[in-house]
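Colleague: Spelled out, the chains give:
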Amino acid sequence: MEHNVTFLGYIPLLPLIGAAVLGFFHIGTCNRKPLNEKFYGLVACIGPLLAFVLALRVFLTLKGMPEEARYLSQKAFTWFQVGDLDITMGFLADPLSSLMLVFVTLIGSLIHIYSIGYMEGDKNIGKFFAYLNLFLGSMLILVLGDNPVVMFVGWEGVGLCSYLLISYYSEGTDNVLAGNKAFIVNRIGDLGFVLGMAFLFWAIGAGGFDYFSLKANAHSLTPGIALAVCLLLFVGATGKSAQIPLYVWLPDAMAGPTPVSALIHAATMVTAGVYMVARFSFLYAHVPVAGEIVAWVGIITALVAAIFGMFQDDIKKVLAYSTVSQLGYMFAGVGVAAYSAGIFHVFTHAFFKALLFLGAGAVIYAMHHEQNIWKMGGLKNKMPKTYITMVIGALALAGCPPFAGFFSKDEILYSALATGHVGIWAVGVLVAGMTAYYTFRMIFVVFHGEPRDQEAYDHCHEAPAVMTVPLIILAVGALLAGFLNLPAIFGGHQQVTHWLAPSLVEHHPHASLFVEILAIGASVAAFVIGIRIAYKRFAVGAEEPVFSGFSKFAYHKFYVDELYDGIFVQPYKKIGNAIRKTIEPSVTDAPVTLVSKLYMVIGTAFKVFQVGYVRVYAIYMIVGLSLMSLLLSQSLN
Amino acid sequence: MIQSYLTVSILLFCIGIVGVISRRNVFTVFMSIELMLNAANLAFVTFSRLHETMDGHVLALIVMAVAAAEAALALAVVILLHKHKGQLDTNVFSLLKG
Amino acid sequence: MFADGLFILFTVIAVTGAAGLVLFKHPMNGAMSFIVTLIAMAGLYALLSAKLIFAIQLIVYAGAIMSLILFIIMFLNIQEEDLPVEEGRFKYLIGGAIIVAPIGLFLTRVIKSFPGAEKTITVEGFGGIKEVGLILFREWLLPFEIVSILLLVSLVGAVVLAGKRRMVK
Amino acid sequence: MFEHVLSVMIFLPIVAGLILLLTPAGKGLARLTGLVISFASLILGLDIFFKFKEQAALQFVENVPWIPSFGINYHLGLDGISLFVLLAGAVLMPMVYLLFTTKEKGYYANLLIVQGAMAGALCAADMVLFYIFWEIMLLPIFFMLGMYGGEKRIKATLKITIYTIAGSLLMLASIVYVGVTYHSQFGEWNFAISQMSQLQLAGPVAVLAFFGFMIAFAIKIPLFPFHTWLPDAYTEAPTATTFVLSAIMAKIGVYAVIRFVVPVFDGEFARFALLLAYSGVIGMMYCGITAIAQKDVKRMLAFSSASHMGVIALGVFCLNVQALTGSIYQIVAHATSTGVLFLFVGILEDKMKTRKIEDLGGIAYKAPVFAFFFAIAMLASVGLPGTSGFIGEFLIILGAIKFNVLIGVLAGTTLIIGVCYMLWMFQRVFYETTNERTEGFTDLSITEGLTFLPVIVLIVIMGLYPQPFLSKIEPAAQQHIAALTKADTIQIAQSTHAQPAEGHTVEKKN
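For the protein sequence lines, the chains are A, B, C and D, in the order given. Under numbering that gives the first Met the number 0, the residues of the first sequence are numbered 0 to 636, in order. Under numbering that gives the first Met the number 0, the residues of the second sequence are numbered 0 to 97, in order. Under numbering that gives the first Met the number 0, the residues of the third sequence are numbered 0 to 168, in order. Under numbering that gives the first Met the number 0, the residues of the fourth sequence are numbered 0 to 509, in order.
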């Protein structure tokens, strides 16, 4: 089979060209005569759709290859090469990246279409679509890169787009601050990524820095270095995928337009960390300790975020914390070396979370940009399509069989249990219950009960078709995606796991049937309990609660933002100000000022001699000459 | 013999220095400088005699020419100063005071 | 012996004249005694067989330059009360002499190390116009020309400085 | 083109500048002259770039005896290291004449002279010749800053002049020491840099001479803690001067370290590399943190520039090929990005009559092209992949990790620190809401846009396809590192002693 192809590069290039074209037209016209919105929408959708077609082609080509040699690669050009370091601008499509490709381009395209409706009437729509296309291009570079450095290009690129889109409504200071926060926090993670790459390079990079070479040389890593590399890369992942301690930017990122939240902050970009860990599975598989840490960080994040999610009153914040929580699951999955399970959850999560965000977007759109769930209520009559699709999404998120989320989440929990991580499994089940609770709390409050704001309720209407059609497609995905990886116990063949196998270094645990049933039973029970509590509390006539005690603490997100502000941000600013006001003028500049002062003092002292009479100067000269004469007379003897 | 002439030269030169540094009258100061130049000339001529070459004479000539030039300029300056201040005291001119 | 006598005579006159220059209060007196010094020095030049310098000393120095100085002194018409008040001038002079003394002593000690050439008779034509002129225009041509330019410049400078101009306040 | 191309690059601008100063030419003619000469230099520079062979030795050499009794020659030559600093100057200088159209004649003349002098300092292969051009470089800066600067220009001028002169004198003393040592070891006078690497320098005097060089260059770069002249001078200088100072002249300091200190004082350099590296990295962090507290855009950029120079200098001190190559690459990248940022701030100041961050806002809505260009330059400055800034920073961090893990980690924080102040400034100046002052902000004119476009394109090209540049730099860098190898192993052994776990593999893999 021919493994070297030339069309891989076009996949990221198409959206990037789209971004360039859109940006060019937007900048050229925005202050004169803006172009038609339809034009922008149309141009914006071409790139992603073509990329989707190419992604399918990649997928099908791979499918036609023998399982053990399923990859396509393209070495575009030598990017930079210094000494042993040889970085190629190369692309690699293997089962793992092809799976990511397909769903990223699919969901990306759907969200582009949805945005045509959602962003209607925005005067910067050209800019919006340019950013969105740029994001998609970067994401595809991230997925397709055949070495960590190319991946890093996409990695930072999506971070940049995230910043640009969060601060899209840039007239609001808070929005821009949220964007800054996202970029800076991501950069902290990126530092970990860069350092990890550096360690990796000095350890085994001399033999080539693409994934194949790294995988081949991974065995020669010392345990210490391997652990360091794994943990540093994971720091990168926590930044991008919003895990503890760097999760703080994601809830704030909801300041951006809702399609952005769906595409970037739920479906694609935030899963990059999971993808990266899976990509480096050959490293993590060697270092169980690193996996252990990843899994625990993931599950604790899942727990904490679920707690926060239970008390939010902004519809997007609820979904944001649920995203953080689900990402925690994914890390728990890849942490216990169930990489395919983690990736599968990424896959299903992309569908139902995008669906939920777009549904929330439709609600917000209908409620004229009202995001507080306590101002909504009873919307199911007004927006039936949105309601149904969102319920499907919610069921998938909550892990109701047979929706997508059930299978993927169950796979993770089962793997945790089967590999003996009972603690992680137990927390996971607890979080599953909480997920069901807060998801349906949101659904009940928003769509059931009585309208809380009658005027807004009266004006609200179903979203246009350009928005609901993507919702329906995604709902179908959320409903059916789980069956792609149907485990054997339900009579399936785990196609996704088998598909991914060549890309991952994974050992499938073999556990007894009892364990499998226990895992499934616990998940279903948690779901039922969670949804039941939510129904009791919120299905009819729930009022906005007043928080106290622990719930107040949780409502304020354990004051983590304030803590970070107090520990990092304020001292940083204070140091900067202290340097500007005190240290710079009076410490570092001190030697200079001292020297000039010294000259001043000496000069003033010598001023006494400057009487101004020429005669006196002559006297000085003669006195000097005289003294010299005295001295020289000594030497004459 | 040579030492005697040189001693005279030194003596005149020292008297010239004393004149420059002790007197305040511009003319006296100026003439004291001329005296020093003459003392130097005498030394030149003496050395010329010692070595029996005439380069010292040439130098003395040149010194005289310079002295003439200096006299012309210096007197011009003196006239100017007198016009401005009406005085001949060197202490009046203290623009160099720091 | 005759030459020695003349040397002592000229030396005494020259030194006395120089002392007069620094001691007299009025510059006119000082200038007169300075002329005496200059003439005595011309005698010393003659004793050193420097015929041309002897002549030029008398003509240019004692004649031209000193006349210029005297002319200026008279031109400014300096009265007794115009002179600077120099009450402690003898104190200053003594102080000056004390400061200068080490220089003089040092130089005297230096010249003692020179060989005491006792030649009284020089070669034919030493210091004559022709001989000095030959050296001047052969070996010292460039300095000579530079001096000529210097004289020109000082001429212009003197005219510019002392010439009529508006008083600038 | 012809064999004296370097001499032409040096003396064409200098002579043109002097002629302008001595003749009563008007400012229009002066600007036109500057434009023509700088474009001529650009063409010559491009010609050199394409003829340049990918090898380590000096090329385009001119060698004429100058003061034979002391072995001082008029010796010019280019290698991969100086080539790019020279090119950065050649590419960027025409922009100044295109953008600033209404300055005095003396301003343009001084710019021309400084351009020639910088080319001279870069091409000089003889220490004394280098020193002369190094000093000439300062003079036009002195005049431009003192005559056309801001309110506190006199103070700033004095500070920079005294600072640099002090450094230069130390360097002069060191040059004399090196020359004398050469004479005593080989029995003849020679000041050619290529000969100096044969010297056996040891003992306390050699250390002093080493620091003489280092301090002179550290002041120019400027390296912490010798940076205190920088904020004042950068802030008070007219835009073109700041541009020249930051984009090119500071780079000559780094270049000089690579060119003079590394080959001549290899032993001392390896001994003190750790100290110097800390100086670089601390300077980076210090200036970066200070930048966020600034209220003046230009002053903030000044600190940002100093911060980046710390990283660039660090690359030189890390004693490996990746870091050194990265450093040289970053020199060019930083010249384009920060230089252009200073020009943008100059335009901003011209239009808004203020540089206070708090007085600005919402410019992105009024001037999208301006904001777009500014954003690209800013992103290059913070080292976003795909722009020129990434390659250099990545290589430097990579090299720093090998050199010393702690320094590598600290150097990595530049990724975060840079973003903090840049985003904060971008938010306050370009986002948020317009006020009555920025309401009237007009976008770049066609001329201005076309002036900036090539550099903006260059920033992106250098980020996406750096290999043609790197392949020209690398041989020279390899050669320098090879010269250091002996000292290098000692250094690595010392640094790995403190880090046994990582050091183990470092040794094994190399």
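Worth flagging that the hints you see were computed from the coordinates, not collected in a lab. Just to be clear, a hint being listed does not mean it is correct.
Unchecked claim - Not everything, but these chain B residues come out facing chain C in the computed CB check (under 7 Å): (1) 16; (2) 26; (3) 35.
A quick note: this is a predicted structure, and the numbers were derived from the prediction, not measured. Think of the CB as a built atom: it goes at the ideal place given N, C-alpha and C, for glycine as much as any other residue.
Colleague: Which constraints among the numbered hints does this structure fail? Numbers only, ascending.
Modeller: The structure conflicts with hint 3 only, although it agrees with all the remaining ones.
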